[in-house]
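Chains A and B, in that order, give the protein sequences. Each residue of the first sequence is one higher than the one before, starting from 1 at the first, in UniProt numbering. Each residue of the second sequence is one higher than the one before, starting from 1 at the first, in UniProt numbering.
In short, the hints are calculated from the structure, not lab data. Fair warning: there could be bad hints in the mix.
Dumping the calculated DMTMM-like pairs for lysine to aspartate or glutamate here, alpha-carbon to alpha-carbon at most 25 Å [said to hold, decoys possible]:
#1 B/Lys149 to A/Glu281
#2 A/Lys212 to B/Glu35
#3 B/Lys131 to A/Glu281
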Amino acid sequence: PAAAPPGGSGCAPRARGPSPGRCGSDICYGGSDAAAELRARLRAVRHTVLVLSGKGGVGKSTFSALLAHGLAADETKQVALLDIDICGPSIPKMMGLEGEQVHQSGSGWSPVYVEENLGVMSVGFLLSSPDDAVIWRGPKKNGLIKQFLRDVDWGEVDYLIVDTPPGTSDEHLSIVQYLSATHIDGAVIVTTPQEVSLQDVRKEINFCRKVKLPIIGVVENMSGFVCPKCKNESQIFPPTTGGAEKMCQNLSVSLLGKVPLDPQIGKSCDRGQSFLAEAPESPATLSYRKIIQIKDFCSSSFTRKL
Amino acid sequence: MMNLKGNPELTPKNLMRPLKNYGIACMSMGFLIEETAPVVWRGLMVMSAVEKLLRQVDWGELDYLVIDMPPGTGDVQLSVSQNIPISGAVIVSTPQDVALLDAHKGAEMFRKVHVPVLGLVQNMSVFQCPKCKHETHIFGADGVRDLAKTLGLDILGDVPLHVNIRETCDSGQPVVISQPQSDAAKAYLKIAMEILRRLPAPPA
Numbered sequence: 001p002a003a004a005p006p007g008g009s010g011c012a013p014r015a016r017g018p019s020p021g022r023c024g025s026d027i028c029y030g031g032s033d034a035a036a037e038l039r040a041r042l043r044a045v046r047h048t049v050l051v052l053s054g055k056g057g058v059g060k061s062t063f064s065a066l067l068a069h070g071l072a073a074d075e076t077k078q079v080a081l082l083d084i085d086i087c088g089p090s091i092p093k094m095m096g097l098e099g100e101q102v103h104q105s106g107s108g109w110s111p112v113y114v115e116e117n118l119g120v121m122s123v124g125f126l127l128s129s130p131d132d133a134v135i136w137r138g139p140k141k142n143g144l145i146k147q148f149l150r151d152v153d154w155g156e157v158d159y160l161i162v163d164t165p166p167g168t169s170d171e172h173l174s175i176v177q178y179l180s181a182t183h184i185d186g187a188v189i190v191t192t193p194q195e196v197s198l199q200d201v202r203k204e205i206n207f208c209r210k211v212k213l214p215i216i217g218v219v220e221n222m223s224g225f226v227c228p229k230c231k232n233e234s235q236i237f238p239p240t241t242g243g244a245e246k247m248c249q250n251l252s253v254s255l256l257g258k259v260p261l262d263p264q265i266g267k268s269c270d271r272g273q274s275f276l277a278e279a280p281e282s283p284a285t286l287s288y289r290k291i292i293q294i295k296d297f298c299s300s301s302f303t304r305k306l
Numbered sequence: 001m002m003n004l005k006g007n008p009e010l011t012p013k014n015l016m017r018p019l020k021n022y023g024i025a026c027m028s029m030g031f032l033i034e035e036t037a038p039v040v041w042r043g044l045m046v047m048s049a050v051e052k053l054l055r056q057v058d059w060g061e062l063d064y065l066v067i068d069m070p071p072g073t074g075d076v077q078l079s080v081s082q083n084i085p086i087s088g089a090v091i092v093s094t095p096q097d098v099a100l101l102d103a104h105k106g107a108e109m110f111r112k113v114h115v116p117v118l119g120l121v122q123n124m125s126v127f128q129c130p131k132c133k134h135e136t137h138i139f140g141a142d143g144v145r146d147l148a149k150t151l152g153l154d155i156l157g158d159v160p161l162h163v164n165i166r167e168t169c170d171s172g173q174p175v176v177i178s179q180p181q182s183d184a185a186k187a188y189l190k191i192a193m194e195i196l197r198r199l200p201a202p203p204a
């Protein structure tokens, strides 16, 4: 059957502009039928990782994009990157896919492929221009997230990475609820070393515990800056309260790694290129690669029955 | 960031008394919950909380109310824009493209809800190595200026990446108060002047 937008909800592909209040919340949370639909669609996904942050601007989407690239470097693995930041979708630009559109086929919406083994989905692909603002209230955002999970034909996926907006709101509640139809391996929380960012990470950790979402660990981003001229390392966001390391110790959460600030990261992202490929010798690349290896947890911790 | 803690008192009229420091009255969700408690609410509840933070507060007479908004163009932004009269909006961004994409969306949202945009602030524009003074544009250079030109908006100012901004914020002593002669403080004060110049005269 051809994929069709849910009737009357306003949550169709190519949806744009504000039209608040049209999406009834009951269809967004559905009953057991909806859960069964999601379960069926996500049956072929072996591992799901949510990337969270408390604050905006700490490098969460950058991390999601590079994690996806890093995992897809193994050509035998199929990687999917789902961007559920409806208001600020950065993933299309970071993956060099700006301007791409979603195509519908008989089996659902097709993800946009960066590589043969790396597919991406984002609201950014549904806009007529990357500058279009998506000014939606919660229920409408939830409806689209559900469509992303139910209607996208991901195929067999080894890793589904979900990039979220900052904070703890509709999108986070919804993704956890919808993915409870399948299995979430856990969440990675991205932060910078400073206290106001860590304050929000503590809240994220509490959120994860409340919704029983396992925490894979914390990534401390923008951990230090090496001057390209004199090589002196500066702490631009000094960890005055011990940084992520101390916080992780106090809360019994793993610190997956610390990534230093490299101006090339921002440049690569803006150009839609993989920083890992463009700057293989950078200390930041080495940190990312170490973190990605730690996250290769699939074989030992969990097996899926397909 | 304002070095304030504690629950607000209630006036006899059941309004919350804002907490004050540095002569500035403040109200925040942070005063109503524990520091580590997440607020995991859907849009409707968030809107209701924002209403309370705006209207159920004994602000008294104010010349300026500054509203710090969360990132995005969702429930909070819509509710605030639609429910209270706003003199103007200031959009803050770092210079890199992915941040500017979102700043552009923010500007478009304000246009749609008829809130005047006073201008853009380019944040974290440049970092100076404390040892050799070499300047690096860690998040790119001049991206915000280019966006301002595209949108026909003014640049209100640049704020460099200075460690002391971050440190003073984390310790609750904003740099404009604790180090008023520093470059960082001067950058913020200059932006404040530019905002004042663009605000409409208050009603008589």
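Original post:
Are the Cα positions of B/Lys131 and A/Glu281 separated by 25 Å at most?
Top reply: Holds: B/Lys131 and A/Glu281 sit about 24 Å apart, inside 25 Å.
Subject >> Restraint check for A/Lys212 with B/Glu35, where alpha carbons must lie at most 25 Å apart >> reply: Holds. A/Lys212 to B/Glu35 sits at ~20 Å (cutoff 25 Å).
Original post:
Is the straight-line distance between the alpha-carbon of B/Lys149 and that of A/Glu281 25 Å or less?
Top reply: 37 Å, violated
Of the hints listed earlier, the one the structure fails to meet is number 1.
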